[in-house]
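From first to last, the protein sequence lines stand for chains A and B. Residue numbers for the first sequence follow numbering that gives the first Met the number 0, so the first one is 0 and each next one is one higher. Residue numbers for the second sequence follow numbering that gives the first Met the number 0, so the first one is 0 and each next one is one higher.
It should be emphasised that the hints constitute simulated quantities derived from the structure, not laboratory data. Since this is a predicted model, take the numbers as computed values, not measurements. Incorrect hints may appear among the rest.
[As the list claims (entries may be wrong)] Listed next, the stretches of chain A that the computed footprint assigns to chain B, with coverage defined by at least 3 CB atoms under 8 Å from CB atoms of chain B:
| id | segment |
| --- | --- |
| 1 | 26-38 |
| 2 | 81-89 |
| 3 | 99-109 |
| 4 | 219-228 |
[Claimed, not checked] Some chain A residues judged to face chain B by a derived CB distance under 7 Å, without partners named:
| id | residue |
| --- | --- |
| 5 | M73 |
| 6 | A78 |
| 7 | I93 |
| 8 | A95 |
| 9 | R330 |
| 10 | S378 |
| 11 | T382 |
Glycine included, every Cβ here is placed at the ideal spot set by N, Cα and C.
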Amino acid sequence: MGTSLEFHFVFSALGVGMPFFMVVIEALWLRTGDRAYYSLARTWSKAMAAVFAVGAVSGTIISFELGLLWPEFMRYAGAIIGVPFSMEGFAFFIEAIFVGIYLYGWDRLKPFIHWLCGLPIVLGGALSAFFVMTANAWMNTPAGFRIVNGHVADVDPIAAMFNPAWRTEVPHTMIACYLFTAFLLASIYALKVLKGGDGSAQRALRVAMVCALVLAPTQIVVGDMSARFDAHAQPEKFAALEGQFKTESGAPLRIGGFPDRATHKTRGAIEIPYGLSFLATGNPHAVIRGLDDFPQDRIPNPVLVHPFFQLMVGFGFLMLFVALWWLFASRIFREVRARALLWAIVVMGPAALIAMESGWMVTEEGRQPWAARGYFLVSQSVTPANGVDVTFLGFSVIYILLAVTLLWLLVRIDRTSPEELTDVG
Amino acid sequence: MWADVLAALLGLLAVILYAILAGADFGGGVWDLLASGPRAVRQREAIGAAMGPVWETNHVWLIFLVVLIFTCFPSVFATLGIALFVPLSLALLGIVLRGAAFAFRGPAYRDLPTHKVWGVIFGASSLATPFLFGASAGGIATGSFSWTRPMSIGVGFFAIALCAQLAAVYLTVETRSALRGDFRQRAYYATIAVAVAGLVALATGAAGEPALISHLRAPLPIAIIAIAMLLGIVVLVLLRLDYVHWARVAVAAEVTAVLCAWYAAQAPYILSELGVTAPAAPHLTLLIFLWTCLLGGVVLVPSMLLLFAVFKREPID
Chain A
0 MGTSLEFHFV
10 FSALGVGMPF
20 FMVVIEALWL
30 RTGDRAYYSL
40 ARTWSKAMAA
50 VFAVGAVSGT
60 IISFELGLLW
70 PEFMRYAGAI
80 IGVPFSMEGF
90 AFFIEAIFVG
100 IYLYGWDRLK
110 PFIHWLCGLP
120 IVLGGALSAF
130 FVMTANAWMN
140 TPAGFRIVNG
150 HVADVDPIAA
160 MFNPAWRTEV
170 PHTMIACYLF
180 TAFLLASIYA
190 LKVLKGGDGS
200 AQRALRVAMV
210 CALVLAPTQI
220 VVGDMSARFD
230 AHAQPEKFAA
240 LEGQFKTESG
250 APLRIGGFPD
260 RATHKTRGAI
270 EIPYGLSFLA
280 TGNPHAVIRG
290 LDDFPQDRIP
300 NPVLVHPFFQ
310 LMVGFGFLML
320 FVALWWLFAS
330 RIFREVRARA
340 LLWAIVVMGP
350 AALIAMESGW
360 MVTEEGRQPW
370 AARGYFLVSQ
380 SVTPANGVDV
390 TFLGFSVIYI
400 LLAVTLLWLL
410 VRIDRTSPEE
420 LTDVG
Chain B
0 MWADVLAALL
10 GLLAVILYAI
20 LAGADFGGGV
30 WDLLASGPRA
40 VRQREAIGAA
50 MGPVWETNHV
60 WLIFLVVLIF
70 TCFPSVFATL
80 GIALFVPLSL
90 ALLGIVLRGA
100 AFAFRGPAYR
110 DLPTHKVWGV
120 IFGASSLATP
130 FLFGASAGGI
140 ATGSFSWTRP
150 MSIGVGFFAI
160 ALCAQLAAVY
170 LTVETRSALR
180 GDFRQRAYYA
190 TIAVAVAGLV
200 ALATGAAGEP
210 ALISHLRAPL
220 PIAIIAIAML
230 LGIVVLVLLR
240 LDYVHWARVA
250 VAAEVTAVLC
260 AWYAAQAPYI
270 LSELGVTAPA
280 APHLTLLIFL
290 WTCLLGGVVL
300 VPSMLLLFAV
310 FKREPID
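In isolation and in its complexed conformation, chain A is listed as follows (with noise of 0.2 Å):
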């Protein structure tokens, strides 16, 4: 399950961020008359119908495995969460007929209406992303619901919807997709302006690159209300976060550091004294509570927490840094041509990947061994079925295929945009 969470993810990540930056390339077709843009357009529209496909199918494969993987689960929640993901299902619905009329569009639709047409894309894409965070949400706050005798009673799917962690969850994660989306963008025209690109790299480059530099900062501040929020409504997943192992007042902020469980000490960190209280609570003296605190069978595994966690804040600082460096070097949006940099960013592709699967890890671990936070366990969710492990291993076979053949034919497409331009021009 976590396997294809982490592989959906990716896909439906660049599923709500692609369309953005297509639309966006298409309007600046539409104002401006260049032809580079018009190219642009269409190698991204083309990139997109590939991954949205791949996000479609793997996306059916989640909810799929809610029942296969997850029967247990889904008889306890699926009346409280179910609502967001039928809302999703009518978001996704739009998101694939428009992307059909856009993708097969081009000759058909005049060119305004052929960019209106997107608009719904990127509508159905966002809102998409928002219904399934609210229900993934839920599980680290369930509400929504009381135990009556141990059965659900009290249903409200709206309340269980905007649960309390919606508000910082939910735009973390959104954002995390068109951030994404634009170092990777960024990523690759930064290697082809390297390469010596055109100008229609340049410009990919730029659209790119003003994206991420609101985007960047912005992400930064509501991650830190997302760990707020964690410190007081999880407070266990707060101390896996942080390799908190004893309640303490004035906590340090650790950076770095690998969590060891056999001593209760997170080892090798930069400690900044009474950091972490100041961060959670605005108290440099507040008590902030450690992993020993909690019953041990009921805790995430540090392990797991801590060190995806310091790579995901540590990428998010650097993306900032980057994008504030790409703006002091291009004279407030010129044209860049600093090696140094370019190569900043192109590794900014790879390390916004790994920033936001960490993220998702960090959010994943950081709520076992609950499925439904302080309700139900993973393990009673499970399938008693048998061939459990076939079809996970056999499904990892799958992803990796698709991913590598992705990646291939996205590279592919990439190569024989130039000749399009003559074609079209």
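Since chain A is already given, all that's left is putting chain B on it; use the hints.
Same frame as chain A, now just chain B:
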């Protein structure tokens, strides 16, 4: 009470729409695999052009169905997920490979060496997926939840034949002249295959599934099955007369009738033995779900009409 019945009927609607829309896309894959004769390449192109803009939308009906079941009937979802773990996992694999293969063998990548391989994967997974869904449906209908009993396997082959028939008939509308002739020929064969596979499935049922047959013996299922058979003959006649648009309507109606018969035959299980209605989701969940469908439908229907209006106009030579 009315809310769960309405949700169950919406589920039937989703099954029907998935079958008559996405079923034809699977059938397209079957004919892609079986493309032959002097126009084999053009047959494949026509299939690709017909599916391209719409298959993802058609596929969403399946996701809608899955979401409907787990929102409105969570216990049924859990029961089906455990009982049909193997065929549904395999069908899922088929769906993934079919979708990815269709995208990866698209016209943008025609010159790549992998084009042929993905083409074969596309065809093979288009064959396997309807079989697995059919066999699962057979397993549900018999109440055995086994997809490997003779009746279930029979229904699996019946499902392949139905998909092939849908695709061939639809493609006669979307093509012209010699190419249309090719698909009309294929539609005849497929209709015969549907008749044979359907009768074999019924015969294996009569031999080994007394419970199902006793349910089917009620007047309503018998009437619906008779209508389905009649519509099969109507399809043949309309194709012969070259009324391809009407043949398309008739074949969609035929598949709808088959699914209604399947639903009607197991209505007693759905209501009692499996307990589908009893452990339905709480009323408020059902209500919000139905409102979502109503509001979603207001946006969905015109969008879908737009999609078909833009792409389903001129036939291909």
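What are the numbers of the hints that this structure violates, sorted from low to high?
1, 4, 9, 10
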